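Trainee: For what it's worth, my numbering labels the leading residue of the sequence shown as 25, then goes sequentially.
Misleading hints may appear alongside valid ones.
[What the hints assert, rightly or not] Here are the simulated lysine-lysine pairs, DSSO-like style, with alpha carbons at most 30 Å apart: (1) K416 to K261; (2) K284 to K261; (3) K83 to K209.
Derived from the structure by calculation, the hints contain no laboratory data. Note that the structure is a prediction, hence the values are computed from the model and not measured.
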Amino acid sequence: MADPRPEALDPRSASPGEVRFRGPRAVNRLFYWTINLLLRRPILSWFRLTPVNTDVVPKSGAGIVLGNHTALFDPIWMYAMLPRPVYFAASEDLFRQPLLARVIRKFGAFPKRKNAAGDVGAMRSIFHLLKTGCLVGIYPEGVRTWDGTNGPIIPSIAHLIRKLRVPVYTCRTEGGYLAQPRWAKRWRRIPMRGVFARLYAGDAIPVDDERIVSDIAGAIRNSDYEMTVDPGLSRRKGLAINVTRLLYRCPACGTLEGLKIVLPHSTNRIECSSCFSSWVVNAESRLAETDEHGAPEGGWTTLADLYTHIRQMPLAPIRPVARLGLAEGEQLYLASRPRFLFKQERFPDIRVFAFGRAFLTSRRLVFLTRLGIPLDAPLGTIASLSVDPGDKMHFTVAAKLYRIPFRNESAMKWFDAIERLQAGTAAGGTVR
């Protein structure tokens, strides 16, 4: 394994998964200042973004900025709010697009692998940047929130901060989730704030990892559901489009994939095709049941609460498929439409590996094709599970990264089912 210590770094020895730096000027400074000068004010104006307390972040010197990950544009917002470049570890998916990869590299972004618990390439990049006096941006929750709640802090972040011993700052984005929920198709012009604060000086970092994790969680904790939004925004169209990516079950009857947009009458309402109950969605990401005329009745419930409700519903077994060869006591819970299965052989390239159907049983995830079974993964071997834009589910098996794009189907349905089966709580019993 490569030595990730700062003194061991050699820019000429970077592997394909790492960034090749030229000292502290990894960012193309002319490119950065030109873009910043031309676009900073338009970005702040268009997104209705107000920076708060940015003077706590010095204009020079090494440091780390930690932020809550609410929306796709989080790095761009932080870039626009601070008067100096911020270097981010970006998803490896972005580096598979040649033009986009070229642009974000000019801003100093470097790839972060999905299938590595300790990504040596990303670690070497962070050490090198800090050694040369740069500011590194990290989202300690790891992924963007789907339901507007704060995610758990990755424990290894605390160890990293203790080892680096550089000043640590936080950026709490308020309103980012309501402005663009991860499941949403359309942008909502919700006023936002980016609130900066200093968490630790370089010589005042606690020695206890649990204390660091707790401090980070408290500093970036935010709930957009507590915000007051202009009621006029809830009269705009399209607020319910794609909400079924997260609400993959009817909250009333539990039917999988039962909720649909009420077209052509309203794109702010969803209706169940089984029990015909309906809900209206507002700009605060809250839902209320409606009467036969489409008017809200009863109280409003946050999307996060409804999502928690459907996640707690027991999984119902479906009719088994003979070719799967289910063992005694093994039950089939999910079956997909025909899909492509992608596999990563060499970072960062990921290519089509097979075409067939995915099946989730009480014991394993199986991908079945006409020619055979190219993937038969026991649930205990599945790790690094995530859902990315385009309903693409990523996971690793035996250190290999796989991807299944669930087009026109909720990938979160699969994500939640796998997590529950791994925990042994799918149907109130223990997974064997």
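Trainee: Now tell me if each hint is right for this structure.
Mentor: Right, here's what the structure says about each hint:
1. Between K416 and K261 the CA atoms are separated by roughly 26 Å; this keeps the pair inside 30 Å, and the hint holds.
2. Restraint check for K284 and K261: the C-alpha separation of about 15 Å stays at or below 30 Å, so the hint holds.
3. At roughly 36 Å between alpha-carbon atoms, K83 and K209 are farther apart than 30 Å, so this suggested pair is violated.
Of the numbered hints listed earlier, the single one contradicted by the structure is hint 3.
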